[in-house]
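Construct the entire structure; sequences and hints are all you get.
Protein chains: 2
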Amino acid sequence: MEINISAIGILHTDHKTKDEAPIQGAFDPDAKGIVEIFPEFAEGLKDIELFSHIYLFYHFDRAEPGALIRHPFLDDTPHGIFATRHPCRPNGIGITVVRLVERNGNRLRVTGIDVLDGTPLLDIKPYVPRFDCHPEASEGWFAGKDSRRKPSGRE
Amino acid sequence: MEINISAIGILHTDHKTKDEAPIQGAFDPDAKGIVEIFPEFAEGLKDIELFSHIYLFYHFDRAEPGALIRHPFLDDTPHGIFATRHPCRPNGIGITVVRLVERNGNRLRVTGIDVLDGTPLLDIKPYVPRFDCHPEASEGWFAGKDSRRKPSGRE
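From first to last, the protein sequence lines are chains A and B.
Numbering (the numbering used here) for the first sequence: 474 to 628.
Numbering (the numbering used here) for the second sequence: 474 to 628.
Possibly wrong hints are sitting among the right ones.
[Said to hold, decoys possible] With a cut-off of at most 27 Å between alpha-carbon atoms, the simulated DSSO-like pairs for lysine-lysine come out as follows:
id	chain 1	residue 1	chain 2	residue 2
1	B	K519	A	K491
2	A	K618	A	K519
3	A	K519	B	K519
4	A	K505	A	K491
5	B	K505	A	K519
6	A	K618	B	K519
[Unchecked claim] Beyond 12 Å from chain A on every Cβ pair, some chain B residues (computed):
id	residue
7	H485
8	T486
9	H488
10	K489
11	D503
12	K505
13	I507
14	D548
15	E575
16	N577
17	R582
18	D605
19	E612
20	S625
Read the hints as simulated data drawn from the structure, not as lab findings.
Just so you know, even glycine gets a beta-carbon here, dropped at the ideal spot from N, CA and C.
And the structure:
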């Protein structure tokens, strides 16, 4: 069964290439971006400014699904794609948590955004720490892995 | 531009109807479920068991997009759909953070799952507290809103 999804907006960032984009938004908390919601969906933003943090759901439009076991950017050991946040996934859906700075009509000014400029936006949801913050969660293979340049050939 | 997405598995839970399903997984942390990944994607689970918590991305297959401003389950004031977690969204993508208890081949035993039985699974990503936990985030209109029965006629 196919599920049809379409963009509700577009993400404007300073990350013009994959090499420039941080591996995770948490690695570049000052990275600025504009979330532009298409006018026909703007009404759905009512009260979004009550939230300091929001989830952005987006489409990895410059990545293709590929091998199910692969090297992520942060590790030199391969892992299953579902144990990574790599963009080349069976369904190319990404999420990032950003800080919402300001709303101007159908445009949201955000910081801590790690996605490529021009990325199609699929959804916005409020980040609610009571539901979404799990400080006791293990770090898995991410433990001790710090930000670095993306190794070449990892897509 | 349409983006084609298809299920990579199916979620088995005890929530047979919308009224039975908790409003958020955090409201029913003991709710058990099985994440079944279709065999052709099972290889992508390698090392998933290193993580205590995972994100499940799923399709709200029994909800239709609707009004952009609506009453959520937890509040009696209407909000924009993007300021809620309501299932009736322009793109029907849901996420939930669950605790991963055990992996048996292509089946994951999880707890804290709030989705309906039979829901199509779209993606799994590891939950990494360094990237995903923001205890300083505001609660917006969710502040002080506790679990309750879903009011009738909200869907």
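So, going through the hints one by one against the coordinates:
{"no.": "1", "hint": "K519/B with K491/A", "result": "holds, 25 Å"}
{"no.": "2", "hint": "K618/A with K519/A", "result": "violated, 38 Å"}
{"no.": "3", "hint": "K519/A with K519/B", "result": "violated, 41 Å"}
{"no.": "4", "hint": "K505/A with K491/A", "result": "holds, 16 Å"}
{"no.": "5", "hint": "K505/B with K519/A", "result": "violated, 34 Å"}
{"no.": "6", "hint": "K618/A with K519/B", "result": "holds, 19 Å"}
{"no.": "7", "hint": "H485", "result": "holds, 17 Å"}
{"no.": "8", "hint": "T486", "result": "holds, 17 Å"}
{"no.": "9", "hint": "H488", "result": "holds, 16 Å"}
{"no.": "10", "hint": "K489", "result": "holds, 20 Å"}
{"no.": "11", "hint": "D503", "result": "holds, 15 Å"}
{"no.": "12", "hint": "K505", "result": "holds, 18 Å"}
{"no.": "13", "hint": "I507", "result": "holds, 15 Å"}
{"no.": "14", "hint": "D548", "result": "violated, 10 Å"}
{"no.": "15", "hint": "E575", "result": "holds, 14 Å"}
{"no.": "16", "hint": "N577", "result": "holds, 15 Å"}
{"no.": "17", "hint": "R582", "result": "holds, 15 Å"}
{"no.": "18", "hint": "D605", "result": "violated, 6 Å"}
{"no.": "19", "hint": "E612", "result": "violated, 6 Å"}
{"no.": "20", "hint": "S625", "result": "holds, 23 Å"}
Going down the numbered hints, you'll see the structure goes against 2, 3, 5, 14, 18, 19, while the others check out.
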